[in-house]
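Asker: As a plain string of letters, each chain reads:
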Amino acid sequence: MTPTRIPRPRRSARWAVGATALAAAVATALLGGPAPAQAAADNGLLCDTSPTNTFTLKADDDYIATPDGNSIYMWSYANEVRGHFQFPGPTLCVTSGQKVTVVLHNTLPEATSIVFPGQKGVVANGAPAQPQFDGGGSLTSLVQAAPARTGTVTYTFTAGSPGTYLYKSGTDVSKQVQMGMYGALVVRPDGHPDRVNSRADSAFSPTHEYLFLLSELDPEAHLAVERGGPIDWTTFKARYFLINGRSMPDTLAPNNASWLPNQPYGAFVHIRAYDATTNPLPATIRYLNAGTVDYPFHPHGSDERVVNQDGQPVQGDGGQDLSYLKYDIDVQPGQSIDVLMDWRDVEHWNELTNPVPTNLPAITDQLLVGTDTWFSESPYLGVKNPLPANITDNNVCGEYYHVAHSHALQQATNYGAAFGGMMTVFRIDPVAGCTTN
Amino acid sequence: MNPGTTRAARSGEWVARPGRAVARLGRRGWVVVAVVLALVVGGAVTSRMLWHDPAQAGMPLNVDLEQSAGIRFTRVAVVADGGLLEASYVVLDPEKATRFQSDREHPPAIESEERAESTKRVALMKQGHQMRAGQSYYLVYNNSGGVVRSGETARIVYNGFVLEHVPVIG
Chain A
1 MTPTRIPRPR RSARWAVGAT ALAAAVATAL LGGPAPAQAA ADNGLLCDTS
51 PTNTFTLKAD DDYIATPDGN SIYMWSYANE VRGHFQFPGP TLCVTSGQKV
101 TVVLHNTLPE ATSIVFPGQK GVVANGAPAQ PQFDGGGSLT SLVQAAPART
151 GTVTYTFTAG SPGTYLYKSG TDVSKQVQMG MYGALVVRPD GHPDRVNSRA
201 DSAFSPTHEY LFLLSELDPE AHLAVERGGP IDWTTFKARY FLINGRSMPD
251 TLAPNNASWL PNQPYGAFVH IRAYDATTNP LPATIRYLNA GTVDYPFHPH
301 GSDERVVNQD GQPVQGDGGQ DLSYLKYDID VQPGQSIDVL MDWRDVEHWN
351 ELTNPVPTNL PAITDQLLVG TDTWFSESPY LGVKNPLPAN ITDNNVCGEY
401 YHVAHSHALQ QATNYGAAFG GMMTVFRIDP VAGCTTN
Chain B
1001 MNPGTTRAAR SGEWVARPGR AVARLGRRGW VVVAVVLALV VGGAVTSRML
1051 WHDPAQAGMP LNVDLEQSAG IRFTRVAVVA DGGLLEASYV VLDPEKATRF
1101 QSDREHPPAI ESEERAESTK RVALMKQGHQ MRAGQSYYLV YNNSGGVVRS
1151 GETARIVYNG FVLEHVPVIG
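Quick mapping for you: the protein sequence lines, in order, are chains A and B. Read left to right, the first sequence gives residues 1 to 437 (the numbering used here). Read left to right, the second sequence gives residues 1001 to 1170 (the numbering used here).
Think of the hints as simulated: they come from the structure by calculation, not from any bench. Please read all numbers here as calculations on a predicted model, not as lab measurements. Watch out, some of these pointers could steer you wrong.
Short, incomplete list of chain A residues facing chain B, as computed with Cβ under 8 angstroms [as the list claims (entries may be wrong)]: (1) Pro254; (2) Val396; (3) Val425.
Cβ pair distances, simulated, as ranges [claimed, not checked]: (4) Pro1094(B) / Asn359(A): 42 to 48 angstroms; (5) Lys326(A) / Gln1130(B): 32 to 38 angstroms; (6) Pro1060(B) / Gly433(A): 46 to 52 angstroms; (7) Pro280(A) / Val1063(B): 33 to 39 angstroms; (8) Arg1115(B) / Glu351(A): 45 to 51 angstroms; (9) Gln1130(B) / Gly191(A): 53 to 59 angstroms; (10) Pro333(A) / Ala1133(B): 32 to 38 angstroms; (11) Ser138(A) / Pro1060(B): 46 to 52 angstroms; (12) Arg1104(B) / Pro147(A): 45 to 51 angstroms; (13) Glu1113(B) / Asp190(A): 42 to 48 angstroms; (14) Ser378(A) / Gln1067(B): 32 to 38 angstroms.
All C-beta atoms in this analysis are idealised placements derived from N, C-alpha and C, irrespective of residue type, glycine included.
Produce the complete structure using the sequences and hints provided.
Answerer: Here it is as structure tokens:
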């Protein structure tokens, strides 16, 4: 199993990759475990891949951290090659039409399993994957499970339509999924790993591919399981809202951040503005909902084009493009939505040759908090103008920043404390990029 | 993070996680316990248990600063591709901490100990709600140009107090 990702081309990023790899090697030496080979990029999607499409996952337990200082007991999947618990489970990347094998080793105190919604013809231990019943006819699992503590089950299937899918527990589903038993499965088009689906117009920049696996958790439910008791669903109330297993501001931290050892996936988006010559391809963001309620995810600063939903291209019967722009990506439970996102200066505004024909907004309209701003005092990407003396400027090179978050604002909190939760930041650099951070 | 604690959902109070009662031990038993503890402590140094500490490894303390601000800094990390800096702290005294976080005109400065550069541009999500003892909060600083860099040390300057030799992670 070889997690891979195309390296970022920027010199600073290469330095960061090298530093991260060195740090990972040092950490590995200290921790005595196999290197997290995912430490290849500071942000963006980290894939687990395998030349034989064979993945061995261990159902295990450990703790995660939340930004307000809580420590939550979790169940999840570890890539057994790395041998390190992680939440969410490893992102498995495969190619459409190829046979995939997932071996599940269970160390949990109860039986568990994996279902692959959207994949057809799944086989478990050589038999069709199908619901399991006890002697009295009661459902015990949606598919064949690995028995508690030492059980193993092997699933095989042929990767289906290109897109993004959940994989998750099919046993005691409400409890085990709440406990963290889920991950993402990315199916790439055969021969076109740089496309969301088989359509040529779904091409994206491979160095700007992002996963937003959305979920929520109730710490009291986790505490109950930690203590070996049942979950009281009548009092269930989600307190933490997560992107890739992290809440704001941890979402800004790099992949494999040392202070989040069990939450390896960040959610910071960093792109450059569209340019037909130097940056012609959009980024892609793969939204997944592993929770129980809708997550109305608001990109905040720009529309995103929905091109794929639940692993199917958004197109008509005749193949006509039916993709559409959305300013709020409403991701429903169990759903996946794949979008393309870029930043275009459509009107070609130029401070000298094509100025914006309206009065510029007052700086006070651009304040984020207090007397500081990320506004460059210019609406032109890549241009900085002087700011009033009482304003501090966080802007390096005229780049844009905006937050992106669930627009159900209680989901943008950490245990009720705003802001936090299901929130991150997008950064858009000018076409020429920034020479510094 | 609070070792051995988690917070109940409904009450919001920090509570102890289930522990194991210590039985009455003889002399030999205590020797065994000491050996086991040594192994556990040693193991913790080289294990992933480190993250259960409330502060990052090597985080210094300044009692005077803590008594003044009612908070303890627990982490300084470079995030967002190096462009931002996250400073986390845990609340010790909610009343003082509320004053600390409400004083937007005088945020703590984070100064590099490697070069003559600093930042005090708190850019994001300075929270304005009632603070709770034992809960962690954060400040996000502008870090344009890499004022503070991962692997280096920095100092936090606030209200005349200085917290030196803060390891910067990221």
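Asker: Using the Cβ atoms, figure out if glutamine 1130(B) sits within 53 to 59 angstroms of glycine 191(A).
Answerer: Once the Cβ atoms are compared, 57 angstroms apart, the range 53 to 59 angstroms for glycine 191(A) and glutamine 1130(B) holds.
Asker: Quick check on a hinted range of 42 to 48 angstroms for proline 1094(B) and asparagine 359(A), using CB atoms only.
Answerer: 45 angstroms, holds
Asker: Verify the interface restraint on valine 425(A): the C-beta must sit less than 8 angstroms from at least one C-beta of chain B.
Answerer: 6 angstroms, holds
Asker: Indicate whether the distance between the beta carbons of proline 333(A) and alanine 1133(B) respects the range 32 to 38 angstroms.
Answerer: 36 angstroms, holds
Asker: Holds or violated: the hint that valine 396(A) contacts chain B, with Cβ atoms closer than 8 angstroms.
Answerer: Since the shortest Cβ distance to chain B is 4 angstroms, the answer is holds.
Asker: Cβ-Cβ distance between arginine 1104(B) and proline 147(A): within 45 to 51 angstroms?
Answerer: Between arginine 1104(B) and proline 147(A), where Cβ atoms are some 57 angstroms apart, the hint is violated.
Asker: With 33 to 39 angstroms as the target window, see if proline 280(A) and valine 1063(B) comply at their CB atoms.
Answerer: The hint (33 to 39 angstroms, Cβ to Cβ) is violated, given that proline 280(A) and valine 1063(B) are roughly 57 angstroms apart.
Asker: Between arginine 1115(B) and glutamate 351(A), does the beta-carbon spacing fit 45 to 51 angstroms?
Answerer: At roughly 34 angstroms between Cβ atoms, glutamate 351(A) and arginine 1115(B) fall outside 45 to 51 angstroms, so the hint is violated.
Asker: Is 46 to 52 angstroms right for how far apart the beta carbons of serine 138(A) and proline 1060(B) are?
Answerer: The hinted range 46 to 52 angstroms is violated for serine 138(A) and proline 1060(B), with Cβ atoms some 58 angstroms apart.
Asker: How does the Cβ-Cβ distance of proline 1060(B) and glycine 433(A) compare with 46 to 52 angstroms: does it lie in that range?
Answerer: Distance hint for proline 1060(B), glycine 433(A) is violated at roughly 37 angstroms.
Asker: Can you let me know if the beta-carbon spacing of serine 378(A) and glutamine 1067(B) is within 32 to 38 angstroms?
Answerer: 45 angstroms, violated
Asker: Minimum Cβ distance from proline 254(A) to chain B below 8 angstroms?
Answerer: With a closest approach of 7 angstroms, the proline 254(A) hint holds.
When each numbered hint is compared with the structure, violations occur for hints 6, 7, 8, 11, 12, 13, 14.
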